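Could you build all of it, start to finish, from the sequences and the hints given here?
Protein chains: 4
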Amino acid sequence: MSSKFKWRSLFYQSLLNTKMEKYLADFADKLNDWDTCGNVKEKTKLSKQLASLPECNNVQLDINDIVSIASDLPLSEGERRKTISILKQFMPWRKGPFSFFDIHIKTEWRSDWKWNRVLPHIKSLKNKKVLDVGCGSGYHLFRMHQAGALQIIGIDPTSLFFYQFQCFKRYMPEQNIHFLPIGIEAMPSTQYFDCVFSMGVLYHRPDPIKFLKELKQQLAPGGQLVLETLVVEGDKTTVLVPNERYAQMSNVWFIPSVKALIVWLEKVGFEDCKCVDIGFTSTDEQQSSEWMQNQSLVDFLDPENHSLTIEGYQAPLRAVITASVASTK
Amino acid sequence: MSSKFKWRSLFYQSLLNTKMEKYLADFADKLNDWDTCGNVKEKTKLSKQLASLPECNNVQLDINDIVSIASDLPLSEGERRKTISILKQFMPWRKGPFSFFDIHIKTEWRSDWKWNRVLPHIKSLKNKKVLDVGCGSGYHLFRMHQAGALQIIGIDPTSLFFYQFQCFKRYMPEQNIHFLPIGIEAMPSTQYFDCVFSMGVLYHRPDPIKFLKELKQQLAPGGQLVLETLVVEGDKTTVLVPNERYAQMSNVWFIPSVKALIVWLEKVGFEDCKCVDIGFTSTDEQQSSEWMQNQSLVDFLDPENHSLTIEGYQAPLRAVITASVASTK
Amino acid sequence: MSSKFKWRSLFYQSLLNTKMEKYLADFADKLNDWDTCGNVKEKTKLSKQLASLPECNNVQLDINDIVSIASDLPLSEGERRKTISILKQFMPWRKGPFSFFDIHIKTEWRSDWKWNRVLPHIKSLKNKKVLDVGCGSGYHLFRMHQAGALQIIGIDPTSLFFYQFQCFKRYMPEQNIHFLPIGIEAMPSTQYFDCVFSMGVLYHRPDPIKFLKELKQQLAPGGQLVLETLVVEGDKTTVLVPNERYAQMSNVWFIPSVKALIVWLEKVGFEDCKCVDIGFTSTDEQQSSEWMQNQSLVDFLDPENHSLTIEGYQAPLRAVITASVASTK
Amino acid sequence: MSSKFKWRSLFYQSLLNTKMEKYLADFADKLNDWDTCGNVKEKTKLSKQLASLPECNNVQLDINDIVSIASDLPLSEGERRKTISILKQFMPWRKGPFSFFDIHIKTEWRSDWKWNRVLPHIKSLKNKKVLDVGCGSGYHLFRMHQAGALQIIGIDPTSLFFYQFQCFKRYMPEQNIHFLPIGIEAMPSTQYFDCVFSMGVLYHRPDPIKFLKELKQQLAPGGQLVLETLVVEGDKTTVLVPNERYAQMSNVWFIPSVKALIVWLEKVGFEDCKCVDIGFTSTDEQQSSEWMQNQSLVDFLDPENHSLTIEGYQAPLRAVITASVASTK
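Chains as they are written, first to last, in the numbering used here: chain Y, 3 to 331; chain W, 3 to 331; chain E, 3 to 331; chain A, 3 to 331.
It should be emphasised that the hints constitute simulated quantities derived from the structure, not laboratory data. Being a predicted model, the structure only gives us computed values, none of them experimental. Worth double-checking, as some hints may not be accurate.
Since the list gives no way to pick one copy over another, a pair counts as held whenever it fits inside one copy or between any two copies.
Claimed, not checked - Here are the simulated BS3-like pairs of lysine-lysine, each with C-alpha atoms no more than 25 Å apart in a straight line:
1. K212 / K261
2. K212 / K238
3. K32 / K128
4. K43 / K24
5. K90 / K47
6. K45 / K21
7. K21 / K50
8. K43 / K90
9. K50 / K24
10. K269 / K212
11. K45 / K24
12. K218 / K269
13. K21 / K8
14. K47 / K24
15. K32 / K43
16. K47 / K21
17. K125 / K261
18. K45 / K32
19. K125 / K84
20. K43 / K21
21. K32 / K21
22. K21 / K238
23. K261 / K215
24. K45 / K90
25. K276 / K261
26. K218 / K21
27. K84 / K130
28. K108 / K218
Structure representation (structure tokens):
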């Protein structure tokens with residue numbers, strides 16, 4: 003592991019001599035001042051925690067349902083306690099699960115369940131360039147790597163998730179997997195990626211059509227979108243906009259039916275739109291743990307009737323839609 | 003009538019010594035190059051037509067259902083023919099009706115019908131500052147003047163409508179009625195107006211929530227919004243997004259039910275939202291004429307069944323909603 | 003006198019319906035935040051002092067060598083004492099002399115002496131548009147008014163001078179004399195003025211050629227520059243750049259000979275360059291007073307030899323050069 | 003030699019993991035559109051010429067007074083003729099001499115003579131970071147490399163010189179020598195370089211003080227400036243500003259005496275300023291050739307009196323000044 007781990011340099015390096023090089027200025031401009039903007043105090047704290055994780059050589063990355071890193075030499079009991087204490091500074095851990103030198107991070111979500119349901123339905127990621135919009139901890143980035151993707155970029159403006167990802171990335175600087183702490187509106191229109199994922203973002207956007215257009219602008223001709231979002235049951239004209247909160251979340255705007263969402267996708271120019279997975283989230287797939295001690299799904303549902311949220315809306319139903327952009331422009 | 007009619011100077015003048023003066027730079031910046039940007043050829047042509055309208059003194063403005071300007075001396079038959087020919091350069095005339103020195107301009111819409119239905123339901127405009135977003139020819143600006151408004155600004159990015167308005171405005175440079183050829187996204191956040199109208203715009207926006215927020219940012223504390231848009235019948239979760247065209251219009255995005263629209267308005271912070279007028283547009287209220295020779299409503303409906311558009315959607319149903327922003331911030 | 007004296011509104015008003023209107027956005031942009039930027043505390047203080055000057059009606063402006071304002075009713079002894087106390091808040095008073103309701107403001111400079119030497123040599127200002135770059139208290143702006151100029155703008159970035167000017171301007175809001183608290187680099191390239199004055203600025207600029215170009219960009223075709231600056235004796239290749247201070251001033255860069263300065267002027271495109279006044283400043287023309295209690299010229303000269311500064315350079319020799327730009331472009 | 007020679011990628015690569023990385027956005031922003039801006043037709047032509055230079059492996063760089071590249075296999079007679087023809091597309095060749103696969107490029111200047119005079123007087127370049135402002139063909143960049151410099155950047159906005167440099171650089175992509183086709187005003191304030199050269203630029207600047215400040219902003223604490231410019235004989239107050247042309251050059255502004263120039267340098271904060279080389283340029287050092295067929299020095303001098311230019315000014319006298327910035331800030 004490099005003691006001078008520089009995530010920006012590694013990312014810029016990955017752009018050189020690719021079609022993305024022309025966006026170097028855009029990216030560098032967005033990323034330049036990241037350490038010193040926003041909640042600097044928090045970033046400085048997390049940055050120090052990150053740097054105090056154990057220094058290990060010969061770190062092995064092992065990806066199955068659990069994304070694991072491990073070393074030849076196990077951590078001593080003292081190191082282990084210290085490491086757990088550091089990792090807990092990065093709570094809440096939402097997307098996972100992970101294993102960090104034999105420390106099992108039981109995240110809020112069994113993100114592997116969704117991955118396993120979705121993977122069979124999408125085009126092969128082998129040697130592909132992939133973008134994950136709203137990537138959270140980056141768990142799925144590693145799964146994309148496992149699936150053979152060549153160049154993998156995740157974006158998410160939440161600082162905490164950035165640091166969660168770096169806990170792992172720092173042990174594999176050479177891997178072409180990068181997390182940029184930016185939102186999609188900060189991305190240049192690359193039309194570069196073979197596959198763009200966005201899971202769990204659309205319903206947080208007050209402007210879902212603009213968001214779908216932004217996703218489209220990242221796709222190369224012939225590329226595929228994999229979009230996961232909350233949906234409601236209903237026909238082409240069914241769209242729930244919750245009055246205030248939905249399942250306790252205050253920033254939920256548009257929850258369309260699958261049919262309505264497909265109309266939207268087609269209207270912005272996507273083709274071949276299909277729902278490849280749909281289901282009510284179970285309280286097994288999303289639950290609190292030692293690593294995510296906030297309330298979770300079970301607390302957001304009507305205790306008397308799990309088919310409703312505590313606000314009385316339909317309980318969270320999540321769908322995965324795949325869609326494509328035309329092969330030639 | 004001034005032979006040196008300068009609409010920009012008149013508008014800037016109207017801002018001096020008001021709370022809007024601080025936005026002088028913003029407005030001047032947007033308006034500066036208007037003559038020489040966009041479709042310059044078209045603008046130059048229309049500008050010349052405008053300048054060749056008859057020069058008359060003692061022009062009287064008379065506002066009833068028909069917005070009229072007239073002079074002591076009637077136009078000669080030759081002048082009349084020439085004037086009709088000029089005014090027809092500004093076709094299609096959509097919002098009206100107008101009378102221009104005894105020439106009756108029969109517009110596509112009987113905009114007076116809507117005005118008369120709506121006026122009883124809104125707060126008095128007496129001595130108020132009013133903004134009309136998407137004002138078209140500006141017909142309603144004159145009706146607001148008739149209703150006693152003190153300062154009246156209409157905005158609409160369509161050049162043709164700008165010139166239609168100037169056909170009248172040039173004879174009344176002293177009136178505090180102004181048309182700015184800009185869209186609402188070009189407006190600074192003034193929080194200045196007592197009443198903001200927007201009629202016939204929302205369904206053209208792919209981002210209706212952003213639009214509602216933009217309208218809100220123009221309202222002073224306690225101000226009132228008067229919003230007219232296409233709606234569909236249905237409950238809180240009914241929102242039609244037409245696949246391609248709706249009543250032959252290609253740029254239609256979100257058509258909510260009244261109930262859904264009220265949820266949206268409340269969600270962005272409006273209060274006291276009420277539907278004050280709703281109805282299917284009749285082919286009497288919207289029809290072609292000598293002054294608007296394109297197809298009109300009758301052509302956009304299913305010939306067999308006027309309750310449907312030719313695409314098979316519900317025929318155009320239009321609602322007017324009033325809503326308020328809180329009195330104190 | 004208006005109790006709602008708004009210098010910006012008055013200036014913007016003066017631009018409407020002139021060729022300068024197109025720069026309204028530029029000016030408004032520069033002036034917008036003036037009250038709330040820079041040394042806000044100082045500005046707030048001076049602004050309050052300004053507002054507490056006596057309210058008088060029928061204020062008469064009387065311009066001779068002394069620029070005077072007076073009222074029918076003399077100030078009471080108490081008012082007079084208070085007014086003197088307020089005016090002294092605006093010290094040091096450098097350019098003058100002024101008389102303010104019978105209070106004589108004895109400024110550091112007898113600016114009238116220079117004016118009287120120069121005026122006979124320049125083109126008539128009758129009905130001209132005039133700009134004074136680095137106008138100080140604005141004393142010369144009033145003299146330009148006396149000389150018949152139609153539109154008079156002074157610019158100077160020093161806040162104190164701005165407030166000195168406003169002490170007088172507030173009693174004559176209707177006069178077309180305006181002080182903008184900006185430097186010349188903030189001016190759009192107007193090519194508008196018939197005469198541009200700049201007295202006492204050039205030697206403070208590290209880039210005198212750029213400054214001459216900036217002055218030129220303010221002149222209409224055929225317009226005249228009146229440039230006053232420190233010079234040294236010498237030939238075309240004589241330019242003094244003082245090592246550190248010159249006559250105690252730390253920000254002095256280039257002091258050319260008259261011949262060198264004329265080469266510079268010609269090189270940037272001026273024509274018909276002439277030195278119309280040159281002389282060593284006397285300690286009578288520049289001296290301390292009750293209204294300017296800092297050190298003045300006598301303190302900056304070698305006490306043994308008044309032909310030298312205390313640093314050993316040639317004593318301040320000041321020249322006035324006139325130059326023109328071509329009539330047609 | 004790489005057939006995919008990418009000068010930008012190579013430069014960006016050189017910045018990664020150095021203190022210059024933070025300026026990546028600035029540089030990429032300036033360099034992004036270089037191929038497609040300015041005189042695109044000319045650039046496209048020269049770019050094609052560049053690409054048609056011979057492809058050789060095992061190219062050896064050999065730097066003596068002549069900067070040479072050579073290959074194991076000599077060019078065939080046909081290749082040689084073709085190569086000469088290509089290289090002549092990049093005429094005029096001013097700074098040199100060069101040898102290109104045994105083709106001797108006899109440049110206008112014997113730049114090696116100046117280098118050899120100056121090198122003994124400057125601090126060692128061994129392992130230093132060096133910037134050459136106005137580097138021309140980049141001849142001196144190679145000499146800096148020979149002298150042991152670690153990282154070498156030349157900047158010059160003239161496209162032709164850029165392509166001259168690339169004729170050589172393309173055979174040594176791995177060398178840390180880079181030419182950026184920008185002027186110094188486009189450089190961020192790096193305070194990075196141990197040594198900044200600027201030879202033959204100052205007298206072309208209408209704002210020499212600003213230029214000296216710009217040079218200073220590129221120097222790390224303790225760094226050294228090597229400044230070569232035209233000078234005149236004279237004392238501290240002697241500065242020639244030629245009326246129109248100087249030695250036929252139309253863009254000559256300030257030619258100070260050495261003493262005056264040292265005052266300027268000290269005034270902007272340089273220390274330890276010394277003139278290390280001065281002399282009238284001989285017509286042997288600067289002359290036309292088959293590779294630079296324009297007029298040269300001999301044509302710019304008074305034919306009767308080589309101590310004068312044809313305009314009657316003192317003949318070109320060039321001085322090299324070294325100066326330092328303080329070690330600690």
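Hints, verified against the model:
For a Cα distance limit of 25 Å, the shortest separation of K212 from K261 qualifies both inside one copy, at 18 Å, and across copies, at 24 Å. In the homo-oligomer, the alpha carbons of K212 and K238 lie at most 25 Å apart both inside one protomer (19 Å) and across protomers (23 Å), since each shortest distance falls under that limit. Proximity of K32 and K128 under a CA criterion of 25 Å is satisfied in neither setting, with 30 Å inside one chain copy and 36 Å between copies. Taking identical chains as interchangeable, the C-alpha atoms of K43 and K24 lie at most 25 Å apart only when they sit on different chains, with a minimum of 21 Å there against 33 Å within one chain.
Within a single copy, K90 and K47 get their C-alpha atoms as close as 13 Å, which meets the 25 Å cut-off; across copies the closest is 53 Å, which misses it. In this homomeric assembly, K45 and K21 come within 25 Å of each other (Cα to Cα) only across copies, at 21 Å, whereas the closest approach inside a single copy is 32 Å. Taking the shortest Cα distances, K21 and K50 sit within 25 Å of each other only across copies (21 Å), while inside one copy they are farther apart (35 Å). In this assembly of identical chains, the alpha carbons of K43 and K90 lie at most 25 Å apart only when taken from the same copy (18 Å versus 47 Å across copies).
In the homo-oligomer, the alpha carbons of K50 and K24 lie at most 25 Å apart only across protomers (21 Å), although the nearest pairing inside one protomer, at 33 Å, exceeds that limit. When the C-alpha separation of K269 and K212 is checked against a cutoff of 25 Å, the pair qualifies both within a copy, at 12 Å, and between copies, at 19 Å. Within a single copy, K45 and K24 get their C-alpha atoms only as close as 29 Å, which misses the 25 Å cut-off; across copies the closest is 19 Å, which meets it. Only within a single protomer do K218 and K269 lie at most 25 Å apart by alpha-carbon distance; the minimum there is 12 Å, versus 28 Å between protomers.
Taking the closest pair of Cα atoms, K21 and K8 come within 25 Å of each other both inside a single copy (22 Å) and across two copies (12 Å). In this assembly of identical chains, K47 and K24 lie within 25 Å of each other by CA distance solely across copies; the values are 22 Å between and 34 Å within a copy. Taking CA atoms no more than 25 Å apart as the test, K32 paired with K43 passes inside one copy only; the shortest distance there is 20 Å, against 33 Å between copies. Within a single copy, K47 and K21 get their C-alpha atoms only as close as 36 Å, which misses the 25 Å cut-off; across copies the closest is 23 Å, which meets it.
Taking the shortest Cα distances, K125 and K261 sit within 25 Å of each other inside one copy (22 Å), while across copies they are farther apart (41 Å). Within a single copy, K45 and K32 get their C-alpha atoms as close as 16 Å, which meets the 25 Å cut-off; across copies the closest is 31 Å, which misses it. Taking the closest pair of Cα atoms, K125 and K84 never come within 25 Å of each other, the shortest separation being 42 Å inside a single copy and 51 Å across copies. Taking the shortest alpha-carbon separations for K43 and K21, only the inter-copy value of 24 Å comes in at or below 25 Å, while the best intra-copy value is 36 Å.
With identical chains, the CA atoms of K32 and K21 are at most 25 Å apart both within one copy (19 Å) and between copies (18 Å). Taking the closest pair of Cα atoms, K21 and K238 never come within 25 Å of each other, the shortest separation being 39 Å inside a single copy and 46 Å across copies. Taking the closest pair of Cα atoms, K261 and K215 come within 25 Å of each other only inside a single copy of the chain (18 Å); across copies the shortest separation is 27 Å, beyond that limit. With identical chains, the CA atoms of K45 and K90 are at most 25 Å apart within one copy only, with a shortest distance of 15 Å there and 51 Å across copies.
Taking the shortest alpha-carbon separations for K276 and K261, only the intra-copy value of 10 Å comes in at or below 25 Å, while the best inter-copy value is 30 Å. In the homo-oligomer, the alpha carbons of K218 and K21 lie at most 25 Å apart inside one protomer (18 Å), although the nearest pairing across protomers, at 36 Å, exceeds that limit. When the C-alpha separation of K84 and K130 is checked against a cutoff of 25 Å, the pair qualifies neither within a copy, at 38 Å, nor between copies, at 43 Å. Neither within a single protomer nor between protomers do K108 and K218 lie at most 25 Å apart by alpha-carbon distance, with minima of 34 Å and 45 Å respectively.
The structure fails hints 3, 19, 22, 27, 28 (numbered hints given earlier, in ascending order).
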